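Keeping their order, the protein sequence lines are chains A and B.
Using UniProt numbering, you'd call the opening residue of the first sequence number 1 and step up by one each time.
Using UniProt numbering, you'd call the opening residue of the second sequence number 1 and step up by one each time.
Don't take each hint at face value.
Copies of the same chain look alike in the list, so a pair counts if it fits in one copy or across any two.
Stated by the list, open to error - Below, a list of computed lysine-lysine pairs in the DSBU-like style, where the Cα atoms sit at most 30 Å apart:
| no. | residue 1 | residue 2 |
| --- | --- | --- |
| 1 | Lys302 | Lys527 |
| 2 | Lys512 | Lys282 |
| 3 | Lys443 | Lys278 |
| 4 | Lys496 | Lys302 |
| 5 | Lys443 | Lys527 |
Everything labelled a hint here was simulated from the structure, so no lab data went into it.
No experiment lies behind these values; they were computed from the predicted model shown.
Protein chains: 2
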Amino acid sequence: MSFLHVSKFCQQGGRCFQPTSRNTCIRILSPAFLGSASYVDWRQPWLVDNNRRWYSHENGGYQKKPSLWKWGLGLVGSLGVVGSALYWKISHQKLHAAEVEAGVLKTGLPTYVRTDVAKHKTAESRIWVTYRNGVYDITDYVSEHPGGNKILLGAGAAIDPFWEMYGVHKQAEIFAMLEKYRIGNITEVEEKKEADKKDPYGNDPKRHPALKPASEKPFNAEPPPSLLIHSYLTPNDLFFIRNHLPVPVIDPKTFSLQVAVEKENGGAKLSLDDLKSKFPKKSVTTTIQCSGNRRSEMIKIKSVKGLNWGIAAISTAEWSGVTLDAILKHSGIDIDKVDCKHVQFEGMDKGPDGATYGASIPIEIARSLKNEIIVAYKMNGKDIPRDHGYPLRIIIPGIVGARQVKWLNKIVLSKEESSSHWQQRDYKGFNSSIDWHNVDFSKAQAIQELPIVSAICEPAEGEMLEDAEEVTIKGYAWSGGGRGIYRVDVSADGGKTWHEADLNSNNQSPYKAWAWTLWEATVPLPKSSKNTQLICKAIDSSYNCQPDSVEGIWNLRGVLSNAWHRVSVTIPNDQR
Amino acid sequence: MSFLHVSKFCQQGGRCFQPTSRNTCIRILSPAFLGSASYVDWRQPWLVDNNRRWYSHENGGYQKKPSLWKWGLGLVGSLGVVGSALYWKISHQKLHAAEVEAGVLKTGLPTYVRTDVAKHKTAESRIWVTYRNGVYDITDYVSEHPGGNKILLGAGAAIDPFWEMYGVHKQAEIFAMLEKYRIGNITEVEEKKEADKKDPYGNDPKRHPALKPASEKPFNAEPPPSLLIHSYLTPNDLFFIRNHLPVPVIDPKTFSLQVAVEKENGGAKLSLDDLKSKFPKKSVTTTIQCSGNRRSEMIKIKSVKGLNWGIAAISTAEWSGVTLDAILKHSGIDIDKVDCKHVQFEGMDKGPDGATYGASIPIEIARSLKNEIIVAYKMNGKDIPRDHGYPLRIIIPGIVGARQVKWLNKIVLSKEESSSHWQQRDYKGFNSSIDWHNVDFSKAQAIQELPIVSAICEPAEGEMLEDAEEVTIKGYAWSGGGRGIYRVDVSADGGKTWHEADLNSNNQSPYKAWAWTLWEATVPLPKSSKNTQLICKAIDSSYNCQPDSVEGIWNLRGVLSNAWHRVSVTIPNDQR
Numbered sequence: 001m002s003f004l005h006v007s008k009f010c011q012q013g014g015r016c017f018q019p020t021s022r023n024t025c026i027r028i029l030s031p032a033f034l035g036s037a038s039y040v041d042w043r044q045p046w047l048v049d050n051n052r053r054w055y056s057h058e059n060g061g062y063q064k065k066p067s068l069w070k071w072g073l074g075l076v077g078s079l080g081v082v083g084s085a086l087y088w089k090i091s092h093q094k095l096h097a098a099e100v101e102a103g104v105l106k107t108g109l110p111t112y113v114r115t116d117v118a119k120h121k122t123a124e125s126r127i128w129v130t131y132r133n134g135v136y137d138i139t140d141y142v143s144e145h146p147g148g149n150k151i152l153l154g155a156g157a158a159i160d161p162f163w164e165m166y167g168v169h170k171q172a173e174i175f176a177m178l179e180k181y182r183i184g185n186i187t188e189v190e191e192k193k194e195a196d197k198k199d200p201y202g203n204d205p206k207r208h209p210a211l212k213p214a215s216e217k218p219f220n221a222e223p224p225p226s227l228l229i230h231s232y233l234t235p236n237d238l239f240f241i242r243n244h245l246p247v248p249v250i251d252p253k254t255f256s257l258q259v260a261v262e263k264e265n266g267g268a269k270l271s272l273d274d275l276k277s278k279f280p281k282k283s284v285t286t287t288i289q290c291s292g293n294r295r296s297e298m299i300k301i302k303s304v305k306g307l308n309w310g311i312a313a314i315s316t317a318e319w320s321g322v323t324l325d326a327i328l329k330h331s332g333i334d335i336d337k338v339d340c341k342h343v344q345f346e347g348m349d350k351g352p353d354g355a356t357y358g359a360s361i362p363i364e365i366a367r368s369l370k371n372e373i374i375v376a377y378k379m380n381g382k383d384i385p386r387d388h389g390y391p392l393r394i395i396i397p398g399i400v401g402a403r404q405v406k407w408l409n410k411i412v413l414s415k416e417e418s419s420s421h422w423q424q425r426d427y428k429g430f431n432s433s434i435d436w437h438n439v440d441f442s443k444a445q446a447i448q449e450l451p452i453v454s455a456i457c458e459p460a461e462g463e464m465l466e467d468a469e470e471v472t473i474k475g476y477a478w479s480g481g482g483r484g485i486y487r488v489d490v491s492a493d494g495g496k497t498w499h500e501a502d503l504n505s506n507n508q509s510p511y512k513a514w515a516w517t518l519w520e521a522t523v524p525l526p527k528s529s530k531n532t533q534l535i536c537k538a539i540d541s542s543y544n545c546q547p548d549s550v551e552g553i554w555n556l557r558g559v560l561s562n563a564w565h566r567v568s569v570t571i572p573n574d575q576r
Numbered sequence: 001m002s003f004l005h006v007s008k009f010c011q012q013g014g015r016c017f018q019p020t021s022r023n024t025c026i027r028i029l030s031p032a033f034l035g036s037a038s039y040v041d042w043r044q045p046w047l048v049d050n051n052r053r054w055y056s057h058e059n060g061g062y063q064k065k066p067s068l069w070k071w072g073l074g075l076v077g078s079l080g081v082v083g084s085a086l087y088w089k090i091s092h093q094k095l096h097a098a099e100v101e102a103g104v105l106k107t108g109l110p111t112y113v114r115t116d117v118a119k120h121k122t123a124e125s126r127i128w129v130t131y132r133n134g135v136y137d138i139t140d141y142v143s144e145h146p147g148g149n150k151i152l153l154g155a156g157a158a159i160d161p162f163w164e165m166y167g168v169h170k171q172a173e174i175f176a177m178l179e180k181y182r183i184g185n186i187t188e189v190e191e192k193k194e195a196d197k198k199d200p201y202g203n204d205p206k207r208h209p210a211l212k213p214a215s216e217k218p219f220n221a222e223p224p225p226s227l228l229i230h231s232y233l234t235p236n237d238l239f240f241i242r243n244h245l246p247v248p249v250i251d252p253k254t255f256s257l258q259v260a261v262e263k264e265n266g267g268a269k270l271s272l273d274d275l276k277s278k279f280p281k282k283s284v285t286t287t288i289q290c291s292g293n294r295r296s297e298m299i300k301i302k303s304v305k306g307l308n309w310g311i312a313a314i315s316t317a318e319w320s321g322v323t324l325d326a327i328l329k330h331s332g333i334d335i336d337k338v339d340c341k342h343v344q345f346e347g348m349d350k351g352p353d354g355a356t357y358g359a360s361i362p363i364e365i366a367r368s369l370k371n372e373i374i375v376a377y378k379m380n381g382k383d384i385p386r387d388h389g390y391p392l393r394i395i396i397p398g399i400v401g402a403r404q405v406k407w408l409n410k411i412v413l414s415k416e417e418s419s420s421h422w423q424q425r426d427y428k429g430f431n432s433s434i435d436w437h438n439v440d441f442s443k444a445q446a447i448q449e450l451p452i453v454s455a456i457c458e459p460a461e462g463e464m465l466e467d468a469e470e471v472t473i474k475g476y477a478w479s480g481g482g483r484g485i486y487r488v489d490v491s492a493d494g495g496k497t498w499h500e501a502d503l504n505s506n507n508q509s510p511y512k513a514w515a516w517t518l519w520e521a522t523v524p525l526p527k528s529s530k531n532t533q534l535i536c537k538a539i540d541s542s543y544n545c546q547p548d549s550v551e552g553i554w555n556l557r558g559v560l561s562n563a564w565h566r567v568s569v570t571i572p573n574d575q576r
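Start from the sequences, fold in the hints, and give me the full structure.
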């Protein structure tokens, strides 16, 4: 057994990453230093023990409180931006073994359903989470989570998507530690019993509770903005959900996609297997945005009809499937020559009247994107989740979400636009003098490509900043039509001075930038005030900019809300 | 001989277009009513004479003042928007004869040069104009021109381009009437003697004096805004001029266009004859805009470097020539496969250092527009005028004017952007906190596609309106990248209420709208004020809108000035 005082180790010039605090100092622990067991005795702060384990029993459930900041120490390194290169390495074998064991069904433990878990979101009721099939009580750990309150986003629900996002959680130590909090099992079989068969939404899938619902039935929800910017690809479970109707239950074995030219013979009927086996697989990474994203800012000016979306009705995924061109060719249709003006898409989600969701795009867009439009069967490498269109969704890069029909089972080339409500009497733009008493939906054009937008995801509105001198602002920017982001301007003094943010566009061409640009800027705060307004505004590759004010673009449906994004914050300085 | 009192005719239910004034009433004259001779005796107001002519002598020069509003009457019908369908028809033979005679050299008359004519712009010095080779003194007619002061745009200069624009002037009566004012001849030969051979700009062509210069050397000028909206295609003589250097003198017989991939053998050298005879001719109607259009609005906020453009550094023409793809294929270059990132264009206009004007576009734009980009040799059906690039200009639809190189003689596919000053250190956008002390041109992207813009061309800033109840507002709207105009919103009360304008997009597809949309709206004026602000703002087919304020987009070069356009006017109402 050998103990070594970590602070001493730091002083000795070990691989210490600026040991100014406990949290940063822990990052230095190297495999060599930790030895083969690689366990840290967290009950003896600053001491490292190659043999002893900090927990004292094998079977799940919390019985004795460890020094709780310790797990935090293990996690914090993973969350640091610059520290990642210094994490100690675990052998692949060890990690693999721990990962395989984590969350598997364990005999002898009680079985819960998700609604049981969902009742445990606060310290009073104990805080439970699930990981795969494991149920864990993490109540006593929460207060010391180095990532702060973010851990509560998982309270009463699955942490799987968070761990997907913060991949650094996937370390043998953390898997092992998690199992120490194990209190039970969860099974999907149990849950199905709960579905209310009379409720048309009774067959909707369970959603991750971190999603903030804009409506429950149909289910519409957005992820917390601060999570969006931690991952270029949004994890499937956290991707914003925009449903117009109940989620259909679809049997992949009997499912088929019909492709046809309206009023003509021919066309094709394709099974899921056909799509997966008969065509080359193509992937495209796109951002999808609801036309109502940021509607809440318009509602503040004057009421509008529509879901009260915040700034996160937008997400990004890699979609894989078959190009529209390949499917049409297979169906005997040459999109460049066919005498049609629109491509209609029909979903399998049905209203009480039996009418399905539908939409269309102009043939010009379909032609120019024929090799970019994907009939997708994979989302971020997995089967598309039920909420996002299982088994098929049409992905049309650069276009509003409303036209990217989910549960797609029909593609029809037509001389007419889709006659659906959502194409004809919704998702159109009007000026601020048009309201419900004088609107004529036939006079406006259906929204297709979306305009330039950006938003601040961190800090949040009303937040008290940590630092009085400067603030790090993070967010997203995106424009329709494949227009990349040339610049994001950020102000921390209400627009008096502007700074250019650093951009991460995932190396997209500025002329085929289907996905967003994440950005970050650290800018000085005004010296003489206690409050300030942070602002961002973006420029796309056509040098389109965002409008200054929400007032100028207000419209009765609250769509296309892309004004400069403003966030008011408090500066922590008693001298001010 | 038969006379008929026109007002009586109107009362009798003839084809009268609301005869509320002399000017509108004249519009009713139909061929049947006028009889075969079709002449109007303007010296006897309201009387029509089938045989007599209103003028009394054959040889040019003004001798006897006719009732001057009469010519005005002849013209005004031509200017009305709705009246045009009712104009009387002249037989083609008669019109042709009159047109052929108008402005031809006439023996026995004095010969003048254009500088002589240019001295005669006011009533004091007499007002002269030219038409083809004819010089005319129209002093006494001017005050009664039904088109108002617009006639003075031609004072001291050629009226040819105006008559091209207002094609309705081309009537036998008007040609004949014009010749009555004939006082002399003008020859181009005379003018050439005047050129100062020492001045690098001494060989620049003469320009139409209606153009308002932003600089003389190099020559940069824009047409009067009110003329832009009277013609979907801008007449060549009135097309805005943006020269960076002296206009080169090019011999079409020895001229050639070189096409090559940088650092590779091959390519081609094409004569003008080759281009005209070996390739299919393709036409494309595009709007070209200087990135500095509307810079004057930025200058009002804070000084910028650049020409003080008003709102008319934008014009539209039909260009004809050979597609880039055809030329590249002929040169052995497959644009879709060539390992290059940019297409560079070089002009023949040279600075004192021998460096020529140059620019480039990204290969992605060249690829997607390979059949839309034109190496043009015709502008509105004529040889391209020297100021606009004779003999060749590259036309790249939807792109800023600066990349559409004039006097084009080299196309080079390269791995690099053009190294020219104008590509590297000019025509880029920055935020309003960047000024000359902290600018780094390498950090910004060269402007290519332009953002949505619109402007009010009528009424003009500071104008006293004619009507106290409502105002007719006219202007243009355009967006880069082929994005058509979905909507133009117009306000006559400073932005409190908005009205949708009627649009004329020349039936372009909203996804390949290379040319502008002209628009018009008649909207009520506020009841209780003597002054008001008219505003316009447009929406393109990506639902991009213009920014509200100039302040938000100010930049050190004064480019991309596309805020809402505002015009202050006075309302003529003593009760206010």
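How the hints compare with the structure:
no. : hint            : verdict
1   : Lys302 - Lys527 : between (34 Å within a copy, 26 Å between copies)
2   : Lys512 - Lys282 : both (16 Å within a copy, 27 Å between copies)
3   : Lys443 - Lys278 : neither (43 Å within a copy, 46 Å between copies)
4   : Lys496 - Lys302 : both (27 Å within a copy, 14 Å between copies)
5   : Lys443 - Lys527 : between (50 Å within a copy, 29 Å between copies)
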